[in-house]
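Q: Here is how the chains run, residue by residue.
There are 2 protein chains.
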Amino acid sequence: MAPMRYVVIMAGGSGTRLWPLSRQGTPKQLLHLIGGKSLLRIAFERAMELVPADRVLVVTGAAYLDDVRADLPEVAPENLLGEPMGRDSLNAVAWPAAVLAERDPDAVIAQLTADQLIEPVSAFVAAIDEAYRIAEARPEALVTLGVVPTTAHTGYGYLQRGDELEGFPGACVVREFREKPDAETAAAYVASGDFWWNAGMFVFRAATFLDQVRQLEPEVHEGVLGLAAAPETLGEVFGTLKKISVDYAVFEPVSRGHGSARVVAVPLPIAWKDVGGYASLVEVLDADAEGNVVNGLGVTMNTSDSLVMNTVEGHVVTVLGGEGLVVVHTPDATLVTTLEHAEQVKALVGRVSETAGPTFV
Amino acid sequence: MAPMRYVVIMAGGSGTRLWPLSRQGTPKQLLHLIGGKSLLRIAFERAMELVPADRVLVVTGAAYLDDVRADLPEVAPENLLGEPMGRDSLNAVAWPAAVLAERDPDAVIAQLTADQLIEPVSAFVAAIDEAYRIAEARPEALVTLGVVPTTAHTGYGYLQRGDELEGFPGACVVREFREKPDAETAAAYVASGDFWWNAGMFVFRAATFLDQVRQLEPEVHEGVLGLAAAPETLGEVFGTLKKISVDYAVFEPVSRGHGSARVVAVPLPIAWKDVGGYASLVEVLDADAEGNVVNGLGVTMNTSDSLVMNTVEGHVVTVLGGEGLVVVHTPDATLVTTLEHAEQVKALVGRVSETAGPTFV
Numbered sequence: 000m001a002p003m004r005y006v007v008i009m010a011g012g013s014g015t016r017l018w019p020l021s022r023q024g025t026p027k028q029l030l031h032l033i034g035g036k037s038l039l040r041i042a043f044e045r046a047m048e049l050v051p052a053d054r055v056l057v058v059t060g061a062a063y064l065d066d067v068r069a070d071l072p073e074v075a076p077e078n079l080l081g082e083p084m085g086r087d088s089l090n091a092v093a094w095p096a097a098v099l100a101e102r103d104p105d106a107v108i109a110q111l112t113a114d115q116l117i118e119p120v121s122a123f124v125a126a127i128d129e130a131y132r133i134a135e136a137r138p139e140a141l142v143t144l145g146v147v148p149t150t151a152h153t154g155y156g157y158l159q160r161g162d163e164l165e166g167f168p169g170a171c172v173v174r175e176f177r178e179k180p181d182a183e184t185a186a187a188y189v190a191s192g193d194f195w196w197n198a199g200m201f202v203f204r205a206a207t208f209l210d211q212v213r214q215l216e217p218e219v220h221e222g223v224l225g226l227a228a229a230p231e232t233l234g235e236v237f238g239t240l241k242k243i244s245v246d247y248a249v250f251e252p253v254s255r256g257h258g259s260a261r262v263v264a265v266p267l268p269i270a271w272k273d274v275g276g277y278a279s280l281v282e283v284l285d286a287d288a289e290g291n292v293v294n295g296l297g298v299t300m301n302t303s304d305s306l307v308m309n310t311v312e313g314h315v316v317t318v319l320g321g322e323g324l325v326v327v328h329t330p331d332a333t334l335v336t337t338l339e340h341a342e343q344v345k346a347l348v349g350r351v352s353e354t355a356g357p358t359f360v
Numbered sequence: 000m001a002p003m004r005y006v007v008i009m010a011g012g013s014g015t016r017l018w019p020l021s022r023q024g025t026p027k028q029l030l031h032l033i034g035g036k037s038l039l040r041i042a043f044e045r046a047m048e049l050v051p052a053d054r055v056l057v058v059t060g061a062a063y064l065d066d067v068r069a070d071l072p073e074v075a076p077e078n079l080l081g082e083p084m085g086r087d088s089l090n091a092v093a094w095p096a097a098v099l100a101e102r103d104p105d106a107v108i109a110q111l112t113a114d115q116l117i118e119p120v121s122a123f124v125a126a127i128d129e130a131y132r133i134a135e136a137r138p139e140a141l142v143t144l145g146v147v148p149t150t151a152h153t154g155y156g157y158l159q160r161g162d163e164l165e166g167f168p169g170a171c172v173v174r175e176f177r178e179k180p181d182a183e184t185a186a187a188y189v190a191s192g193d194f195w196w197n198a199g200m201f202v203f204r205a206a207t208f209l210d211q212v213r214q215l216e217p218e219v220h221e222g223v224l225g226l227a228a229a230p231e232t233l234g235e236v237f238g239t240l241k242k243i244s245v246d247y248a249v250f251e252p253v254s255r256g257h258g259s260a261r262v263v264a265v266p267l268p269i270a271w272k273d274v275g276g277y278a279s280l281v282e283v284l285d286a287d288a289e290g291n292v293v294n295g296l297g298v299t300m301n302t303s304d305s306l307v308m309n310t311v312e313g314h315v316v317t318v319l320g321g322e323g324l325v326v327v328h329t330p331d332a333t334l335v336t337t338l339e340h341a342e343q344v345k346a347l348v349g350r351v352s353e354t355a356g357p358t359f360v
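Protein sequence lines correspond, in order, to chains A and B.
Position one of the first sequence corresponds to residue 0 (numbering that gives the first Met the number 0), numbered consecutively onward.
Position one of the second sequence corresponds to residue 0 (numbering that gives the first Met the number 0), numbered consecutively onward.
No lab work stands behind these hints: they were computed from the structure.
Idealized CB from N, CA, C, for every residue including glycine.
Treat the hints with care, as some may be off.
The following label-pair restraints were derived from C-beta to C-beta distances [said to hold, decoys possible]:
1. B:ASP304 - A:LYS345: 23 to 33 Å
2. A:GLY356 - B:GLU353: 33 to 43 Å
3. A:GLY349 - B:ASP87: 48 to 58 Å
4. B:SER303 - A:GLY35: 33 to 43 Å
5. B:GLU353 - A:ASP181: 48 to 58 Å
6. B:ARG350 - A:GLU118: 33 to 43 Å
7. B:ARG350 - A:GLU282: 24 to 34 Å
Bound conformation, chain A alone (with noise of 0.2 Å):
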């Protein structure tokens, strides 16, 4: 028989580039921002195409954790894990897995994002599947998935392709991964056909991860397990465990010979837009023919390729004139910025913070 299989789904970040939609209180994953849906319920929904609802586990902040419910009525209890603080990704990723090793010694995981919208789906479903047979037969195996680029990205990382996996045509041994690039160096990635973006999902026995966790990072390994055996003690514990990357502490070490895995990556042949900022969320949002998107009570006049999100009911938000403007209002704030100044808003954000106050952010 083989091992089972499970999804992980993070679900976490204050989300400061969709300031003032996403809050401290509310990260961007658990906004309705699109057909009325957010993007961790698009998210859970594709994990639903790769296995049932009750092996789909979630792991957010604690303060989400009420949203979260709400949002997903079909996970259980015991598969909502909060974290009470964030302690960056390698806990996000090493705690669920020391959870479901507890509960199946044998558990192979997909550990999914839910950032970004993902199409077609039947495609990322497949390549996940590859990925999880590739974690099924080859227990060495740490699984990552690669985008492969359709623009010179600089905001996101890359990884290098090696060797092909034997047995499995398309994937690959990874030989390096590497950080967000220039320009330049990202245009050089693309034109050697040899990188592919890191698209931050992962496929693995947890077993073999957290053997890795264990070799590299030996207190987080022994903490995680803890928590797995006791959950009682997280808010005791979960603040002690070193704030370091999975990319980090696991993957790359384990790229370059470190621990005893081996990485390899599946490419998703995908188009892969991350609604991380604005201007990637104009993309994926239904524009009139104006080009403007408008959610909630706006006017527009004269006005084109621009987007307004207005979450304040009883009032209205108008754009006269422009062209790739940003406009959003919602109860105790607003921004408006224009597309190509949107990567910028989580700068801002600290200013707001400092000169406002903090109750804004």
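Starting from the structure of chain A, add chain B where the hints point.
A: Coordinates of chain B only, in the frame set by chain A:
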């Protein structure tokens, strides 16, 4: 003894070009835009350089009387005239003229506007004083004020200077009034040196002005005299008065030889800052080092030459990037436009009323 001097300040209009700050219930002259003062208050303080407070009348919409009283506590109730509805400018001039003539048959009136910032006030006071002296010395004179143009503005009417008025160097007979010109015509006017902007301010003996109204618009004459004698008939009578501008009804015909008076002009050698819209408002407010004007709780970043007006406490308005933006936030409506497009606000207001509802305008 010289006849007594009076000032009438006109403060009407709905000011849609400053929507959403100005609304049907709040014309722009009552907005506290400049250093916490309204344009009306600033006009009143200018008037007090000319005459004592008890000789200043204000004519406004009946709906605005409470606001005007609060803004100008020095003005006695009998000197506040509230029009039950807008009936164009002839009535706004003729009604107070009739009221003052009833009290003082020799009254000389300076009929002033409250739409502009005027600098220096000393030059304004000197010019109005000169105009009073002409009206006192020449009972046949209807004196109009002409602003020496600084640009070939297409938003103002012009007047063409004729012969110099004997005994009053600088003053002249008005040869002709001209409607708002196109850009080419405006440039020719300014290049000729023969044209002044029509300031829409007048100085005349009440009796002289009313006599022209009697000759040119006898029904209006009868109507306003009746109102002055029996103020309690206001609600019944005012709405029956002919709706016509004072230029069209009196000044233009008299300048063409109709009526028995003579239109003369005195130059106003002032900076004339018409606060008719956001593009002009931004010019009279104090900007920061980036050229931004921020009123209320606002945060700008990588933004220049922009105007942020936020009237809502506890709400932050942020602008990230962009140049020449206008962002105006009020409790129930937000406007985002550019200085370039701000002239079209009136058209936008029409669309807002149609699509979002009349409560917003």
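Q: Would you mind marking each hint as holding or not holding in the structure?
A: Quick rundown of the hints versus the structure:
Under the hint 23 to 33 Å, the C-beta atoms of B:ASP304 and A:LYS345, about 24 Å apart, fit the expected range. In this structure, A:GLY356 and B:GLU353 meet the distance hint of 33 to 43 Å, their C-beta atoms being roughly 38 Å apart. Between A:GLY349 and B:ASP87 the beta carbons are some 54 Å apart, a value that agrees with the proposed interval 48 to 58 Å. Taking the beta carbon of each, B:SER303 and A:GLY35 are about 38 Å apart, inside 33 to 43 Å as hinted.
As the Cβ distance of B:GLU353 to A:ASP181 is approximately 50 Å, the hint placing it in 48 to 58 Å holds. Between B:ARG350 and A:GLU118 the beta carbons are some 35 Å apart, a value that agrees with the proposed interval 33 to 43 Å. Checking the proposed 24 to 34 Å range against B:ARG350 and A:GLU282 shows it holds: the Cβ atoms sit about 27 Å from each other.
In terms of the numbered hints stated before, the structure departs from none.
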